[in-house]
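Protein chains in written order, with my numbering: chain Z, 1 to 221; chain F, 1 to 367.
Keep in mind that the hints were calculated from the coordinates and are not lab data. Quantities reported herein were computed from a predicted structural model and do not represent experimental measurements. Just so it is clear, CB atoms sit at the ideal spot from N, CA and C, and this is done for glycine as well. Treat the hints with caution; some may be incorrect.
[What the hints assert, rightly or not] The calculated lysine-lysine pairs, modelled on DSS-like cross-linking and capped at a C-alpha distance of 27 Å, are:
1. Lys49(Z) <-> Lys37(Z)
2. Lys37(Z) <-> Lys53(Z)
3. Lys294(F) <-> Lys37(Z)
4. Lys60(Z) <-> Lys294(F)
5. Lys50(F) <-> Lys186(Z)
6. Lys129(Z) <-> Lys50(F)
7. Lys60(Z) <-> Lys49(Z)
8. Lys129(Z) <-> Lys186(Z)
9. Lys186(Z) <-> Lys294(F)
10. Lys50(F) <-> Lys180(Z)
11. Lys37(Z) <-> Lys60(Z)
12. Lys129(Z) <-> Lys294(F)
13. Lys50(F) <-> Lys294(F)
[Said to hold, decoys possible] Looking from chain Z toward chain F, a few residues come up when the C-beta cut is under 10 Å (computed):
14. His70
15. Leu99
16. Val127
17. Glu155
18. Leu159
19. Tyr188
[Claimed, not checked] Between beta-carbon pairs, the in silico distance windows are:
20. Arg122(Z) <-> Thr292(F): 38 to 46 Å
21. Gly279(F) <-> Arg134(Z): 50 to 58 Å
22. Gln204(Z) <-> Glu252(F): 57 to 65 Å
23. Gly203(F) <-> Ser64(Z): 54 to 62 Å
24. Ser201(Z) <-> Glu252(F): 50 to 58 Å
25. Arg66(F) <-> Ala200(Z): 24 to 32 Å
26. Arg5(Z) <-> Leu151(F): 37 to 45 Å
27. Glu321(F) <-> Glu43(Z): 35 to 43 Å
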Amino acid sequence: MSPERIAQFLERFPRVRDLAAEQRAEQAREDEEWAAKQREWQEAVERAKAEGKPAPRPLKREESRVYHYHGPTFGVEREELLDVCRWLRDNPEFDMSYLSFVSAIDWRDRFEVVYHLRSPARRHSVVLKVPVPRDDPRVPSVTGLWRGAEWHEREAYDLLGIVFEGHPDLRRILMSADWKGHPLRKDYVYEDPQWLVEVASQRQREIAATGEDWEGRGSRS
Amino acid sequence: MALRTEELMLNMGPQHPSTHGVLRLVVTLDGENIIEVQPDIGYLHSSVEKMMEHRTYFQNVSLTDRGMDYLIALQNEEVYCLAVERLAGIEVPERARYIRVVMNELQRIASHLVWLGTWGIDLGATTVFLWCFREREMIMDLFEQVTGGRLHHAYYRIGGVYADLPEGWAEQCQRFVDYFLPRVDEYDALLTANPIFLARTRGVGVISRRDAIAMGASGPVARASGIALDVRKEEPYEVYDRMQFDVPVQSEGDCFARYRVRLEEMRQSARIIRQALRGLPPGEIRTRVPMTMKAPRGEVYVRTESARGDLGIFLVSDGGETPYRVKIRAPSFSNLYALTEMMKGWKVADVIAILGSIDIVLSDVDR
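Bound-form chain F, shown alone:
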């Protein structure tokens, strides 16, 4: 006699520790096998795009910290300021551009550390979480000295940055980089050869190069599938064209490849920070821009490489004091869509590993 089987619907979230925020996954199961995953998003929707339409160009800088991805506040400010500067034709002084590069890369390392630590916990490795947050705390201290904030900085301004680096900060940052690079090797040693970690990540959650492009994946997720794309190389902004760094690419497209890409990215970011600090020119940190600036009529689309991928802002101005329309192209939004493809055919126990590996932040997905 044949056994009767039926499909099972499993709701994960919206309140679940491993979804890294408020995300609901509707998982359709056949026994333990995943047939389909439908993410249900919008729980953290703050309509930041609408809010921006009612605030001046200057006020919006601090809005990008909160309304967009909260783990990479400085990179959000970067893309917003770049968009306004390009639209209004504002030149940023050399020193400010170097400072921005240093800050962006520190932010990338901090974000990757949060990802690695929390993903480690998801997979049952507690030590790596403690180690990562130990180093992240040092970056937070570095940020606090410069910007006064740990998560929400409001440090970039249209036309430059708010304040110069404090005395001795560059040396301190240099010391941190020297300290940090061997730590990356330690994470590597802790995880890369760990049989449990390998069993849970290698070959799991594969997305092909073709699918990754078609589904709009970007950043480390795309690079782990063999797409050698990095906006910092493709369309260099600030002074990335003067920096020497490699874009790590893996071809497997599985969770392990995404881990390898991010680990290498931390090393490359440290390399960029070193060069930017060495090249830091003296001079002005901010161009004078009137507080009630108006951007000329027009539209601009600016892309940057954030810790999660291709972060863009499409800014439309009708000549007024506030933006007419802001469209935030969030990398996590498209990467989360690619999840529906990655999950097919895996076991229910892999859901956590695969979801963690794409490094989503729900305030970036929902905006």
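The shape of chain Z in the complex, shown without the other chains:
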């Protein structure tokens, strides 16, 4: 997306955060801090040289903590999500008629629901990220805007437990209907599904009752 379009978008929705711009600013701040440290070190080296002392240890830049975005990425509040999406879809300047996917990231303290929108005609794309609290993972459904979101939202509900309000048929899609928990959450612990446990204990009771060996191979002596 061109900078002019991004500016136009941000002007229309002032509450939307431009995450890529925030990343650039953060990177610049980190670079500046590093440059200041280097200058300080250089001065220390020169002082030590003048005083005839051993030079201080060379500096090692620590790993960057900046979170990188590749491409235009925006943080949207969930109250505003539907308005933003409708505007991006219907505004001919943006024309985001194609929804690539809906998914979510579990950041342990919060979820981030991710939307990737694309415009086949204008050939640009955008990522929208909606932070939602862990104890209340609800977002409005975008199935009214893009029909294709239906299965993607069901998948995000199934695997991460995000509740899409207004979805016509929100139920599990990949896991079986009686599955407990949401597997892609970071705190998910695998447990054998309940029906499997029941089948196995029923079988064990039968074996105990008949004295039959496991797999039915003759009686237990």
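With chain Z fixed as given, assemble chain F onto it according to the hints.
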């Protein structure tokens, strides 16, 4: 006296030869007419996205072969490696990029051949199956010489490819392309004018351009509905921007149009292979990347054009040795959703023809 009628629910699958894997279709019928089709998926769900979170960036390459679409293993490796490379800022040597293009396109031809052959069988044409698998076997042999595997290759590496092409392979591949192009004309002659084939495919399972976009269809399914989109042209990766090829587009949106698009794609892939082999530069095939690499904190979404459509990976890194979150945007998943629209109003006998025409692979749908 009016006859009493009632709706009939028909379960197709999950174990049915024509569903090309474990897929269950719940078909609601009014006599012979389809009112609604609800695909029930998840039988092949392996949670590869979760598995990737527990393996290092290098180990995940071989996981993409198995956990994602098993018919286009190399294209899965391609999209995964591209994502990691873009996230970590790794440059891939020129030669490796050309080799990848050759391999991707061979894989596309192989995948389309499986599709055409099995769809032919679905529609009662056995010959085309035998012919397609004859040519596919040659591609498998070509793969085996380079990668050592036929289906699961684990050939791409982050930063390049695992091994260089064996001596004489490029000439052999060139000979295969020369042999293959007339064969495509033969499939064309065998099917395109065949009245039975036409009766079962032309005008059947139509999806409009508007619906195809709204439902997220991509790849040959979208292109058969008049959407001239191809990631290789739109956002060229590797060296596709240096290749000359056309994107076949049809406007009818029926099964026949999808067949025409894929047939033409095979010709175009052969054309790309020829150019890539001619332009193959000498040099390194792999950038040195430490086995225990760490990607910087951040996220990236990479799209590629796989044999089935818009295959993407959304990769999130928290700076550790394993990906923090991997989201695989599977083209078959969205294309299968579009099936619910295509099927409406057709006869129960068309279910097989329409389902076959969208070319789904269930391990891609379920991941």
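Now the hints, each set against the structure:
no., hint, result
1, Lys49(Z) <-> Lys37(Z), "holds, 18 Å"
2, Lys37(Z) <-> Lys53(Z), "holds, 20 Å"
3, Lys294(F) <-> Lys37(Z), "holds, 25 Å"
4, Lys60(Z) <-> Lys294(F), "holds, 18 Å"
5, Lys50(F) <-> Lys186(Z), "holds, 9 Å"
6, Lys129(Z) <-> Lys50(F), "holds, 21 Å"
7, Lys60(Z) <-> Lys49(Z), "holds, 20 Å"
8, Lys129(Z) <-> Lys186(Z), "holds, 19 Å"
9, Lys186(Z) <-> Lys294(F), "holds, 20 Å"
10, Lys50(F) <-> Lys180(Z), "holds, 16 Å"
11, Lys37(Z) <-> Lys60(Z), "holds, 10 Å"
12, Lys129(Z) <-> Lys294(F), "holds, 24 Å"
13, Lys50(F) <-> Lys294(F), "holds, 18 Å"
14, His70, "holds, 4 Å"
15, Leu99, "holds, 6 Å"
16, Val127, "holds, 7 Å"
17, Glu155, "holds, 8 Å"
18, Leu159, "holds, 8 Å"
19, Tyr188, "holds, 8 Å"
20, Arg122(Z) <-> Thr292(F): 38 to 46 Å, "holds, 41 Å"
21, Gly279(F) <-> Arg134(Z): 50 to 58 Å, "holds, 52 Å"
22, Gln204(Z) <-> Glu252(F): 57 to 65 Å, "holds, 60 Å"
23, Gly203(F) <-> Ser64(Z): 54 to 62 Å, "holds, 58 Å"
24, Ser201(Z) <-> Glu252(F): 50 to 58 Å, "holds, 57 Å"
25, Arg66(F) <-> Ala200(Z): 24 to 32 Å, "holds, 28 Å"
26, Arg5(Z) <-> Leu151(F): 37 to 45 Å, "holds, 44 Å"
27, Glu321(F) <-> Glu43(Z): 35 to 43 Å, "holds, 37 Å"
Going through the hint list in order, the structure satisfies each hint without exception.
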